[in-house]
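> Listed here are the chains, written in short residue letters.
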Amino acid sequence: MPRVSREAEVIWEGSSAKGRGALTAASSGAFAGLPFSEPARIGDPEGQTSPEELIAAAHAACFGMSLAAELTRAKAPPERLTVRAEVVIDEVEGGNHRIVSSALTARARSRIGKDEFRAAADAADAGCPVSALIRGSATVSVDAALEQEVV
Amino acid sequence: MATERRAEVTWSGDLLGGSGTIERVGTGAFGPLPITWKDRAEEPGGNTSPEELLAAAHAACFSMALSGALARAGHVPESLSTTATVTFVPGTGITKSVIDVEGNVRGLDDAGFREAAEAAKENCPVSQALKGNVELSVISKLTS
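Just so you know, the sequences run in chain order A and B.
Under the numbering used here, the first residue of the first sequence is numbered 1, with each subsequent residue one higher.
Under the numbering used here, the first residue of the second sequence is numbered 152, with each subsequent residue one higher.
These are calculated hints, taken from the structure and not from any lab test.
Among these hints, one or two may not hold up.
[Unchecked claim] Below, computed lysine-lysine pairings styled on PhoX-like, alpha-carbon distance capped at 25 Å:
id, chain 1, residue 1, chain 2, residue 2
1, B, Lys282, B, Lys247
2, A, Lys18, B, Lys292
3, A, Lys75, B, Lys189
4, B, Lys247, B, Lys189
[Said to hold, decoys possible] Each pair of labels, with its calculated beta carbon distance range:
id, chain 1, residue 1, chain 2, residue 2, range
5, A, Glu147, B, Glu273, 42 to 52 Å
6, A, Lys75, B, Ala224, 55 to 65 Å
7, A, Ala145, B, Asp260, 17 to 27 Å
8, B, Gly258, A, Gly47, 49 to 59 Å
9, B, Glu269, A, Glu149, 21 to 31 Å
10, B, Gly283, A, Glu79, 34 to 44 Å
[What the hints assert, rightly or not] Which bits of chain B does chain A cover? Going by a derived footprint, with three or more residues having C-beta under 8 Å, they are:
id, segment
11, 260 to 267
12, 276 to 290
No residue lacks a Cβ here, since even glycine has one placed at the ideal position from N, Cα and C.
Based on the sequences and whatever the hints tell you, model everything.
Dropping the structure here:
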């Protein structure tokens, strides 16, 4: 398989406490000039995205694709998947901030048995490159269920 | 104090022929954004991907960490222009993130800027999360 590169661009002005940035998806153009700032990252977001929110979006998208692939392998491509990711950043010893966890919640509409679904969800987590990255330094948890189980 | 940030994605169909949407994020800053496997693994076709979102997270995080370190050393930057390039090898994983930063910073020489950029590359929370699994590097240049 070929290597794939994706680029994003930031323009930042000023100090971290009072400055502000603008963020652009340079490869795709899917978004441009999104504002971000340090106070909005840790406190009230006031509509501004943050590195942790972008990682949550990356993780949910990555896991969704991996789970679709695993369900297809099990001959039950999903009619619909809903994946939520919640990424937590916290202050650790020494006053530094670290990303400590990403919690995935997935609900699937798919014609598959419970046990096979569980196995597909485990394989999706093992195969999702973003899960592998985050797991190197933080906790990844997966709560996956078929819609008919939770209704 | 812990801070949580959230995103929600939906997907319909198999990986190659199906498609998904980053429906919403907690702050409302972006979305809905369509996603497909083809756009992720081949040409982006106007659609974002997990790797582009990681590049965005890394560029934003690095820029904040660098501006903080520069400000603490008494050199608040006029501006920083940062690009992060994330490399994905399907079947292998995410292998690399390269930061390229140009700074307009008064009263600092190239060596001082390079040192601050290296430190930000090591210490920003997204670097910390990627480190160990992904090769990280930084190219830095002062423009004034």
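> Next, verify each hint and record whether it holds.
To see whether the hints hold, each was checked on the structure:
1. Restraint check for Lys282 of chain B and Lys247 of chain B: satisfied, since their Cα atoms lie roughly 10 Å apart, inside the 25 Å limit.
2. Restraint check for Lys18 of chain A and Lys292 of chain B: satisfied, since their Cα atoms lie roughly 23 Å apart, inside the 25 Å limit.
3. The straight-line distance between the Cα atoms of Lys75 of chain A and Lys189 of chain B is roughly 21 Å, inside the 25 Å bound, and the hint therefore holds.
4. Note on Lys247 of chain B and Lys189 of chain B: the hinted pairing holds, with a Cα-Cα distance of about 20 Å set against a maximum of 25 Å.
5. Remark: the range hint 42 to 52 Å for Glu147 of chain A to Glu273 of chain B is upheld by a beta-carbon distance near 44 Å.
6. Between Lys75 of chain A and Ala224 of chain B the beta carbons are some 59 Å apart, a value that agrees with the proposed interval 55 to 65 Å.
7. At roughly 57 Å, the beta-carbon separation of Ala145 of chain A and Asp260 of chain B lies outside the given 17 to 27 Å, and the hint is violated.
8. The given range of 49 to 59 Å is broken by Gly258 of chain B and Gly47 of chain A, whose C-beta atoms sit roughly 35 Å from each other.
9. Between Glu269 of chain B and Glu149 of chain A, the C-beta spacing of about 49 Å breaks the proposed range 21 to 31 Å.
10. Distance hint for Gly283 of chain B and Glu79 of chain A: a CB-CB separation of about 38 Å, consistent with the stated range 34 to 44 Å.
11. Look at the segment 260 to 267 of chain B against chain A: 0 of its residues bring a Cβ nearer than 8 Å to a Cβ of that chain, fewer than three, so the hint is violated.
12. Residue count for the segment 276 to 290 of chain B with a Cβ under 8 Å from a Cβ of chain A: 9. That meets the three needed, and the coverage hint holds.
Checked against the numbered hints above, the structure violates hints 7, 8, 9, 11; every other hint is satisfied.
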